[in-house]
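Enquirer: Here's the letter readout for the chains.
Protein chains: 2
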Amino acid sequence: MLTNNNKPHFRKDPVSGTWVIVSAERGDRPSAWINEREEDGINKCPFCPGNEKQTPPEVYSLRRNESMPNSPGWSIRVVPNKFPALKNFGPIEYSDTNLFESFSGEGFHEVIIETPYHDKRLVDLEIENIRKIFQVYKERIVNLKKSKQVQYVLVFKNQGKSAGASIPHAHSQVIATPILPKQIEDEVSGMENYFEETKRCVLCDMMKEEFKNSSRLVTSNNDFCVLEPFASRFPFETWIVPLKHQPFFEDIKEDEIFNLSRIFTATLKKIDKILSKPAYNFVIHTSPLRLKRKATFHWHIELIPKVTHVAGFERGAGFFINPVLPEKAAAMLKED
Amino acid sequence: MLTNNNKPHFRKDPVSGTWVIVSAERGDRPSAWINEREEDGINKCPFCPGNEKQTPPEVYSLRRNESMPNSPGWSIRVVPNKFPALKNFGPIEYSDTNLFESFSGEGFHEVIIETPYHDKRLVDLEIENIRKIFQVYKERIVNLKKSKQVQYVLVFKNQGKSAGASIPHAHSQVIATPILPKQIEDEVSGMENYFEETKRCVLCDMMKEEFKNSSRLVTSNNDFCVLEPFASRFPFETWIVPLKHQPFFEDIKEDEIFNLSRIFTATLKKIDKILSKPAYNFVIHTSPLRLKRKATFHWHIELIPKVTHVAGFERGAGFFINPVLPEKAAAMLKED
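So the sequences go chain by chain: A and B.
For the first sequence, our numbering puts the final residue at 336, and the numbers step up evenly by one.
For the second sequence, our numbering puts the final residue at 336, and the numbers step up evenly by one.
These are computed hints drawn from the structure, not numbers from a lab.
Fair warning: there could be bad hints in the mix.
Since the list gives no way to pick out one identical chain from another, each pair is judged satisfied if it fits inside one copy or across any two copies.
Claimed, not checked - Distance condition first, Cα-Cα at most 16 Å in a straight line; then the derived EDC-like pairs of lysine to aspartate or glutamate: (1) K53 to E101; (2) K277 to D96; (3) K148 to D251; (4) K328 to E25; (5) K269 to D336; (6) K87 to D251; (7) K7 to E327; (8) K145 to D251.
Generate coordinates for the entire structure from the input sequences, incorporating the hints supplied.
Expert: Dropping the structure here:
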């Protein structure tokens with residue numbers, strides 16, 4: 001056993017081999033981990049200007065030249081998560097009884113406060129703001145990758161309580177882990193298998209097909225396309241994919257960020273309208289730092305509205321049932 | 001493409017290789033797939049006695065001798081799901097463009113109505129009723145396995161709206177599929193790997209350890225133990241495991257069913273008390289019909305309360321964060 005089980009740590013399920021983060025520092029009382037909390041007003045919101053002292057000191061911000069760190073004057077602010085799922089790297093402690101493998105939960109967990117305005121949602125922001133948010137994502141990934149122990153940096157957003165957001169003020173999150181997330185691992189091995197057979201990238205080939213047969217292609221611009229993936233797990237699951245083969249999101253260029261911001265905002269607005277401001281998650285799937293075989297990853301964003309409850313078939317067996325045809329969702333997203 | 005996309009069908013994600021069921025027959029309107037529906041009163045509940053005509057004709061029931069099928073007098077009633085995720089087997093239609101693989105969604109989807117009483121939850125039933133429900137599960141698995149195309153029969157329950165139950169009247173479900181669910185596949189390969197290394201069953205070994213060090217063992221009787229798994233993905237995730245190595249749930253014997261019903265009911269009551277009647281799912285993980293290598297599966301029940309919302313880290317990357325130590329959950333479940 002690790003010396004302190006209350007610190008965040010990784011545990012491996014001896015049956016399925018799945019890694020889980022156990023992060024029990026927030027306390028033992030159910031009120032600490034049941035996700036329902038009352039909405040705090042602006043006065044108490046830790047993400048509002050004037051309340052900067054309620055968060056850990058900022059690690060990055062975009063702010064007016066004359067303004068001081070940890071004071072108002074910022075447009076985007078990055079702070080360590082006050083209740084991190086992982087703790088900053090120190091010496092890693094391993095425990096392995098052959099059956100019960102675990103190690104200390106080293107990593108980084110940051111919060112990106114997307115706007116100083118308490119009541120603005122991401123979709124309400126100007127494209128110029130969205131552009132800056134993507135630039136901050138890029139900056140944080142580049143920065144966190146410098147740590148040698150980091151294997152993966154995941155940028156994601158929870159919008160709305162039922163998608164896991166515990167604070168309503170618009171924010172996204174970054175988690176840097178020493179372990180590859182399961183779905184990234186599955187995509188990597190899928191891409192590697194396809195590459196070994198064909199010497200081509202599966203996502204490049206998939207886009208080619210989608211451009212030929214437009215029934216799942218929602219829209220595109222010079223650098224990106226938006227599509228409802230063939231085997232969407234969730235209704236209106238939507239991918240935003242760079243047209244050119246690019247392994248790393250963090251290699252994105254200035255003009256590409258601009259085109260991404262435009263197509264991303266338009267897609268969010270469309271989903272907001274069709275599904276009546278749904279809760280949603282999005283996640284940037286960028287390449288792992290190191291790949292085993294020659295294939296390279298193709299980065300993309302997965303945007304997943306939350307319109308249905310996940311039931312036993314999904315939660316208990318990992319099998320997804322999607323009640324909406326991706327072709328139908330694409331048609332609705334294409335309508336004016 | 002398949003000839004009719006509106007029929008349930010399986011699709012394989014070309015990137016990750018994950019199979020998904022697309023089942024869009026319930027209609028195109030958002031109201032048809034958004035999970036929020038008003039609670040129907042007893043008069044309109046399709047699962048209440050007197051309303052038997054509102055479901056497809058029953059395929060099995062336990063009922064008073066003199067009573068007729070599809071009329072009142074039953075204590076447990078099994079009917080095909082009116083909105084099945086899969087359709088009964090016919091000729092299977094394949095479509096494979098190398099990139100977009102799909103086939104028609106053949107299988108069975110049944111509903112087990114657990115009690116004639118509209119307001120009773122599973123946890124409120126007598127042990128004798130629970131015993132009969134497990135017997136019906138066994139009967140349905142044995143029956144559905146007879147179909148040659150069936151690869152797996154999954155029994156599961158959604159309790160509460162937020163765990164995916166769309167009808168409040170107590171019921172569980174059975175889905176028989178021609179494909180192995182992802183989590184079962186992961187457990188099978190984990191068990192096979194462990195067996196190749198050690199010539200032993202990983203779940204048998206795990207229980208031995210848990211009996212030595214009781215911090216995650218909640219309780220046990222002659223045939224079963226209840227434990228919080230070492231790498232629990234969810235707060236209060238609870239497994240009920242037969243002490244003897246048994247691959248198939250459906251091989252369970254009369255006296256074992258009795259002991260399972262006792263320990264299962266006691267566990268449900270405990271969780272209901274500690275977590276204030278939470279929504280939950282449970283799933284029976286039984287052995288696939290055919291295994292590739294010599295190892296055999298060890299069946300068990302996974303009971304997963306729904307106390308937190310699944311967020312982007314889980315939904316978008318498949319990485320679970322559990323805010324409650326399994327050892328703490330076990331201690332709470334052991335308290336009187």
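Enquirer: Compare the structure with each hint and give your call.
Expert: Status of the hints after comparison with the structure:
Proximity of K53 and E101 under a CA criterion of 16 Å is satisfied in neither setting, with 38 Å inside one chain copy and 53 Å between copies. In this homomeric assembly, K277 and D96 never come within 16 Å of each other (Cα to Cα): the closest approach is 46 Å inside a single copy and 36 Å across copies. Taking the shortest Cα distances, K148 and D251 never come within 16 Å of each other, neither inside one copy (19 Å) nor across copies (51 Å). Taking the shortest alpha-carbon separations for K328 and E25, only the inter-copy value of 12 Å comes in at or below 16 Å, while the best intra-copy value is 44 Å.
Taking the shortest alpha-carbon separations for K269 and D336, only the intra-copy value of 12 Å comes in at or below 16 Å, while the best inter-copy value is 52 Å. For a Cα distance limit of 16 Å, the shortest separation of K87 from D251 qualifies neither inside one copy, at 27 Å, nor across copies, at 46 Å. Taking CA atoms no more than 16 Å apart as the test, K7 paired with E327 passes between copies only; the shortest distance there is 14 Å, against 46 Å inside one copy. Proximity of K145 to D251 under the C-alpha cut-off of 16 Å is restricted to the intra-copy arrangement: shortest distance 13 Å within a copy versus 51 Å between copies.
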